[in-house]
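Trainee: In case you want the letters, here they are:
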Amino acid sequence: MSKQVLVIEDEQNIIEAISFILARDGWDVKTHSNGHDAVDVVRVRNPDLIILDVMLPGKSGFDILSELRQDAQMAHTPVLMLTARGQKKDREMAERAGANKFMTKPFSNAEVLETVRAMMPS
Amino acid sequence: MATLNILIVVCVLYVAFLFAVAFGADRAARQGRGAWLRSPVIYTLSLSIYCTAWTFYGAVGFAARSGLEYLTIYLGPTLVMIGWWWTLRKMVRVGRSQRITSIADLISSRYGKSNLLAVCVTLIAVIGTTPYIALQLQSVTLSFEAFAQADPSQVNAPNPQSTALWVAFGLALFTILFGTRNLDANERHHGVVMAIALEAVVKLFALLAVGVFVVWGLAGGIEQTFARIDASNIARWDVPGSRWVGLTLLSAAAFICLPRMFQVMVVENEDEGHLRTASWAFPVYLMMISLFVVPIAVLGLDLLPQGSNPDLFVLTLPLHEGQDGLAILSFLGGFSSATSMVIVASIALSTMVSNHIVMPIWLWSTGGTAIMSGDVRHVALLARRLSIAGILFLGYLYYQISGGGTALAAIGLVSFAGVAQFLPALMGGLFWRGGNRVGAVSGLGVGFFLWLYCLFLPSFGPNVLLPQSVMDLGLFGVSWLRPEAMFGAEGLNRVVHAVMWSLSFNTMAYVLVSMISFPEPLERLQGAQFVNVFQHSATAGSWSGSMARSEDLLIMSQRILGAKEAQAFFAQAASEQGLVGYLPEPTPDFLLQLERELSGSVGVATAHAMISQIVGGAAVSVEDLLAVANEAAQIMEYSSKLEAKTEEQTRTARQLREANEKLTQLSQQKDEFLSQISHELRTPMTSIRAFSEILRDADELDADKQTHYASIIHDETIRLTRLLNDLLDLSVLENGQVELSRQEGQLIDLLDRAESAAGDVGHNITIQRSREVEEITVYSDLDRLVQVFINLISNARKYCDAESPVLSIKAADQDDKITLDFHDNGSGIAVDQQAVAFEKFSRIGQTGADGAGLGLAICREVMLRLGGSISYLPGQNGAAFRLVLPKAET
Numbered sequence: 001m002s003k004q005v006l007v008i009e010d011e012q013n014i015i016e017a018i019s020f021i022l023a024r025d026g027w028d029v030k031t032h033s034n035g036h037d038a039v040d041v042v043r044v045r046n047p048d049l050i051i052l053d054v055m056l057p058g059k060s061g062f063d064i065l066s067e068l069r070q071d072a073q074m075a076h077t078p079v080l081m082l083t084a085r086g087q088k089k090d091r092e093m094a095e096r097a098g099a100n101k102f103m104t105k106p107f108s109n110a111e112v113l114e115t116v117r118a119m120m121p122s
Numbered sequence: 001m002a003t004l005n006i007l008i009v010v011c012v013l014y015v016a017f018l019f020a021v022a023f024g025a026d027r028a029a030r031q032g033r034g035a036w037l038r039s040p041v042i043y044t045l046s047l048s049i050y051c052t053a054w055t056f057y058g059a060v061g062f063a064a065r066s067g068l069e070y071l072t073i074y075l076g077p078t079l080v081m082i083g084w085w086w087t088l089r090k091m092v093r094v095g096r097s098q099r100i101t102s103i104a105d106l107i108s109s110r111y112g113k114s115n116l117l118a119v120c121v122t123l124i125a126v127i128g129t130t131p132y133i134a135l136q137l138q139s140v141t142l143s144f145e146a147f148a149q150a151d152p153s154q155v156n157a158p159n160p161q162s163t164a165l166w167v168a169f170g171l172a173l174f175t176i177l178f179g180t181r182n183l184d185a186n187e188r189h190h191g192v193v194m195a196i197a198l199e200a201v202v203k204l205f206a207l208l209a210v211g212v213f214v215v216w217g218l219a220g221g222i223e224q225t226f227a228r229i230d231a232s233n234i235a236r237w238d239v240p241g242s243r244w245v246g247l248t249l250l251s252a253a254a255f256i257c258l259p260r261m262f263q264v265m266v267v268e269n270e271d272e273g274h275l276r277t278a279s280w281a282f283p284v285y286l287m288m289i290s291l292f293v294v295p296i297a298v299l300g301l302d303l304l305p306q307g308s309n310p311d312l313f314v315l316t317l318p319l320h321e322g323q324d325g326l327a328i329l330s331f332l333g334g335f336s337s338a339t340s341m342v343i344v345a346s347i348a349l350s351t352m353v354s355n356h357i358v359m360p361i362w363l364w365s366t367g368g369t370a371i372m373s374g375d376v377r378h379v380a381l382l383a384r385r386l387s388i389a390g391i392l393f394l395g396y397l398y399y400q401i402s403g404g405g406t407a408l409a410a411i412g413l414v415s416f417a418g419v420a421q422f423l424p425a426l427m428g429g430l431f432w433r434g435g436n437r438v439g440a441v442s443g444l445g446v447g448f449f450l451w452l453y454c455l456f457l458p459s460f461g462p463n464v465l466l467p468q469s470v471m472d473l474g475l476f477g478v479s480w481l482r483p484e485a486m487f488g489a490e491g492l493n494r495v496v497h498a499v500m501w502s503l504s505f506n507t508m509a510y511v512l513v514s515m516i517s518f519p520e521p522l523e524r525l526q527g528a529q530f531v532n533v534f535q536h537s538a539t540a541g542s543w544s545g546s547m548a549r550s551e552d553l554l555i556m557s558q559r560i561l562g563a564k565e566a567q568a569f570f571a572q573a574a575s576e577q578g579l580v581g582y583l584p585e586p587t588p589d590f591l592l593q594l595e596r597e598l599s600g601s602v603g604v605a606t607a608h609a610m611i612s613q614i615v616g617g618a619a620v621s622v623e624d625l626l627a628v629a630n631e632a633a634q635i636m637e638y639s640s641k642l643e644a645k646t647e648e649q650t651r652t653a654r655q656l657r658e659a660n661e662k663l664t665q666l667s668q669q670k671d672e673f674l675s676q677i678s679h680e681l682r683t684p685m686t687s688i689r690a691f692s693e694i695l696r697d698a699d700e701l702d703a704d705k706q707t708h709y710a711s712i713i714h715d716e717t718i719r720l721t722r723l724l725n726d727l728l729d730l731s732v733l734e735n736g737q738v739e740l741s742r743q744e745g746q747l748i749d750l751l752d753r754a755e756s757a758a759g760d761v762g763h764n765i766t767i768q769r770s771r772e773v774e775e776i777t778v779y780s781d782l783d784r785l786v787q788v789f790i791n792l793i794s795n796a797r798k799y800c801d802a803e804s805p806v807l808s809i810k811a812a813d814q815d816d817k818i819t820l821d822f823h824d825n826g827s828g829i830a831v832d833q834q835a836v837a838f839e840k841f842s843r844i845g846q847t848g849a850d851g852a853g854l855g856l857a858i859c860r861e862v863m864l865r866l867g868g869s870i871s872y873l874p875g876q877n878g879a880a881f882r883l884v885l886p887k888a889e890t
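Line order of the protein sequences matches chains A and B.
Just so we're aligned: the first sequence equals residues 1 to 122 in the UniProt record's numbering.
Just so we're aligned: the second sequence equals residues 1 to 890 in the UniProt record's numbering.
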């Protein structure tokens with residue numbers, strides 16, 4: 001059974017692109033597009049890896065990550081954060097919130113793929 | 001035989017005793033224990049300085065020479081006390097309410113605080129009082145001489161000149177010691193008043209004792225006394241009516257006008273109510289003191305050797321009869337009469353001289369800097385002391401020049417006539433508002449010169465100051481200018497003559513000049529204050545209930561100094577007085593201290609006014625008010641300057657703070673803006689990059705997918721372009737660089753254009769319009785207006801989340817504006833977002849909306865440029881925007 005990646009992102013086109021790339025590489029890709037209930041979705045889906053956008057409607061990626069890190073079940077789930085804002089303080093905030101990896105948009109498909117592969121627990 | 005040495009010892013002891021009494025009274029008053037000092041009896045007794053050595057010795061002499069005429073001297077004051085009681089009350093009330101320190105002060109205050117007038121009055125008073133002081137010196141000297149002659153052991157009789165000098169010196173010393181120990185704003189001298197009251201008792205007792213001795217001891221009873229009187233010349237003296245009237249009037253006038261009488265009656269007055277007692281008690285005193293005058297005179301003439309000085313009968317009768325003890329008592333009575341008069345007169349005169357002559361000159365010469373330096377007090381005290389010495393020296397000088405030969409009563413009448421010149425200005429000032437300064441000066445001047453010419457100068461005797469030729473032939477040989485027969489009025493007693501002319505010309509000049517000249521504003525004000533004093537001032541209360549006043553003072557001081565400082569100050573003052581707690585007795589010293597303390601905070605005049613308001617119950621004088629107003633104005637000006645400065649600083653600080661906040665905000669906004677732009681640009685770029693890589697790398701994609709991905713890339717590039725366009729547009733709008741091309745158009749056409757241009761982006765939406773009210777001509781930049789309409793329509797398309805979205809557009813043509821409401825049936829903008837709806841990148845959190853959140857920001861800028869506005873209407877069940885557009889200019 002392939003590992004599950006949960007993509008939480010509000011831009012439909014970006015979801016489609018990432019889903020395509022990861023699915024082609026054999027991952028089980030699930031998507032979610034708002035911040036409101038993202039934590040619940042993570043809890044239900046219990047993914048192996050999470051790709052998390054920062055600017056989400058309802059709740060920011062930082063807040064979602066902080067909540068996840070406080071939950072024993074998901075405290076150690078690898079999280080790759082994506083942001084379009086690309087400023088230094090966003091990276092710092094991501095690290096503080098507990099992100100394993102931080103990536104600035106736009107990214108290359110290969111980069112995403114390799115990162116996910118590297119982060120995925122064996 | 002009473003020796004001169006014993007007399008001197010008795011004299012010294014008596015003076016020492018007076019010192020002790022005065023000292024004790026002063027002390028008691030300072031500690032506030034002197035309630036008994038403020039009794040009406042003391043007040044009445046202090047009035048008895050009217051009865052000087054002239055009364056004590058001179059009355060008998062007067063009776064021996066002129067029979068019952070001496071009674072006129074007592075009749076005048078008695079009539080004033082009983083009949084003119086209300087006039088005195090008015091004078092006392094004015095004195096209290098205006099804080100008058102002397103008769104010169106009273107007259108000058110009444111006539112607009114004229115210093116010229118004060119100087120005139122002071123000079124007249126000094127000149128008029130000088131003979132009187134000489135009279136006292138003479139009487140003391142004569143009494144010493146009488147003892148010396150009666151003392152066989154005394155081979156070398158003392159030189160009368162040196163005796164007079166010593167007496168003058170001693171009196172000066174006593175007066176300086178007790179009259180100028182401190183400066184009291186109210187010029188009250190408790191110690192002195194007490195000593196005078198005591199002397200009043202001594203002289204009355206002495207005269208009564210001599211009288212009793214004469215009637216019962218020498219004459220052998222009342223009947224025998226009357227028999228002797230009937231047999232004597234006195235019973236046969238014919239008294240002309242004119243003299244009676246004239247002398248009675250003169251003594252009445254003098255009683256009111258004498259500086260020393262004014263001092264005890266008005267200045268030293270503690271309570272207006274005391275006058276009530278004095279009005280009957282003082283006439284009783286006068287009656288008692290004059291009771292035995294005729295018997296003594298008659299028996300003196302009978303028993304003493306021919307040629308004995310009748311002025312000394314009071315003394316020489318007991319001496320002649322070998323009654324040494326009685327003689328010494330009599331001597332002490334005369335001594336008391338003389339000293340008390342001299343002391344009070346010189347205190348009163350020195351106050352006038354220093355306040356109205358020395359101090360103004362000194363202040364003027366130091367250019368006003370002295371007031372700041374605080375040695376005013378020292379200078380004032382020094383001026384008083386020198387004035388006292390000077391006045392006594394003048395008295396001595398008069399005594400020397402006049403040769404000490406003239407009868408006592410004659411000298412006294414010269415003085416009386418001199419000070420009587422104050423009467424018109426004084427009474428006019430109290431009862432006639434029309435009297436003014438020029439009139440007062442004129443009256444005083446005319447009266448004074450007539451008195452000088454007709455009475456004072458001739459009083460030295462022929463050829464001393466006035467040549468005999470002038471006396472006989474008149475000035476410049478003009479016969480109707482003869483000093484003792486002015487205007488051909490011959491055959492009159494010279495005193496009556498002088499009084500008649502001087503007072504009538506004085507009064508005439510005062511009235512006439514007052515009527516033809518105009519008073520200054522301050523004079524008018526003061527005139528009203530004086531004449532209507534009973535309406536202006538509350539009853540001048542007594543000084544009793546002093547504890548309550550201390551409390552009031554503390555309350556007032558706390559307001560000015562602050563509670564802590566004021567309490568500390570009061571507590572210290574209390575402990576200095578040997579009291580416990582916060583309330584010291586309001587002694588003059590304490591009040592002075594307090595005034596000084598307060599004046600540091602509120603200014604001298606204000607402090608003085610405040611304290612006297614509380615302590616004296618005195619009305620604040622016009623001068624005080626002016627000074628207070630002046631100070632207040634200065635303080636207000638100063639504080640308003642400070643306030644303005646503070647305000648300016650606050651304003652500057654606020655501006656700086658605002659600028660700083662703005663800069664910080666701008667900087668934050670810039671960061672935020674860049675962050676937003678970055679996000680808005682990177683998001684479509686991410687899609688473009690990802691899909692272009694997919695297209696590039698994947699070869700097994702089917703055709704549909706390829707087309708789909710390619711169209712995503714296409715859409716995203718359009719989105720990027722639109723974003724850049726919007727950004728540039730907004731930047732132009734915000735910088736005000738936008739060029740508007742206004743023209744006329746129909747609202748209905750513009751809305752049609754917008755509706756079709758908004759196309760079918762997003763959901764389908766039904767647009768409801770009421771075209772009939774859209775027939776409005778607008779004058780504006782039509783393209784920009786359409787841009788706003790498009791934005792609002794596309795927003796409704798994108799964000800209206802109703803099942804069947806409807807956007808209603810309603811136009812309304814109002815007087816000076818057009819309103820246009822865009823109202824959809826969705827859920828609207830969340831309350832917390834409404835405030836930021838028009839901000840850049842405020843994209844209201846909608847998923848999948850392709851706008852960058854610049855639409856409403858652009859709308860707002862456009863409407864602003866067009867002179868209108870856009871606002872969100874909350875609570876409308878859906879998103880509702882209102883556009884307001886100014887009416888087309890026609």
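The reader is advised that the hints may include incorrect statements.
Derived lysine-lysine pairs resembling DSS-like cross-links, with alpha carbons at most 27 angstroms apart [as the list claims (entries may be wrong)]:
(1) K89(A) with K705(B)
(2) K30(A) with K3(A)
(3) K670(B) with K89(A)
(4) K88(A) with K90(B)
(5) K662(B) with K88(A)
(6) K645(B) with K670(B)
(7) K30(A) with K101(A)
(8) K670(B) with K705(B)
(9) K59(A) with K810(B)
(10) K89(A) with K3(A)
(11) K59(A) with K90(B)
(12) K89(A) with K101(A)
(13) K810(B) with K705(B)
(14) K59(A) with K101(A)
(15) K705(B) with K3(A)
(16) K705(B) with K30(A)
If you're looking for bench data, these hints aren't it; they were derived computationally from the structure.
Trainee: Holds or violated: are the alpha carbons of K705(B) and K3(A) at most 27 angstroms from each other?
Mentor: holds, 25 angstroms
Trainee: Please verify whether K88(A) and K90(B) have alpha carbons no more than 27 angstroms apart.
Mentor: violated, 95 angstroms
Trainee: Is the Cα-Cα distance between K705(B) and K30(A) 27 angstroms or less?
Mentor: holds, 20 angstroms
Trainee: K30(A) and K101(A): Cα distance at most 27 angstroms?
Mentor: holds, 19 angstroms
Trainee: Does K59(A) pair with K90(B) here, judged by a C-alpha cut-off of 27 angstroms?
Mentor: violated, 93 angstroms
Trainee: Please verify whether K30(A) and K3(A) have alpha carbons no more than 27 angstroms apart.
Mentor: With a Cα-Cα distance of about 11 angstroms, the restraint between K30(A) and K3(A) holds, given a limit of 27 angstroms.
Trainee: Is it true that the CA of K645(B) sits at most 27 angstroms from the CA of K670(B)?
Mentor: violated, 36 angstroms
Trainee: For the pair supplied as a hint, K89(A) and K101(A), is the alpha-carbon distance within the 27 angstroms limit?
Mentor: holds, 15 angstroms
Trainee: Between K670(B) and K89(A), is the straight-line Cα distance small enough, at 27 angstroms or below?
Mentor: holds, 15 angstroms
Trainee: Is the hinted pair K810(B) and K705(B) satisfied, with a Cα-Cα distance of at most 27 angstroms?
Mentor: violated, 45 angstroms
Trainee: Below or equal to 27 angstroms on CA atoms is what counts here, so check K662(B) against K88(A).
Mentor: Holds, because 24 angstroms separates the two Cα atoms, which is no more than 27 angstroms.
Trainee: Taking 27 angstroms as the top limit, are the C-alpha atoms of K89(A) and K705(B) close enough?
Mentor: violated, 38 angstroms
Violated hints for the displayed structure, listed by number in ascending order: 1, 4, 6, 8, 9, 10, 11 and 13.
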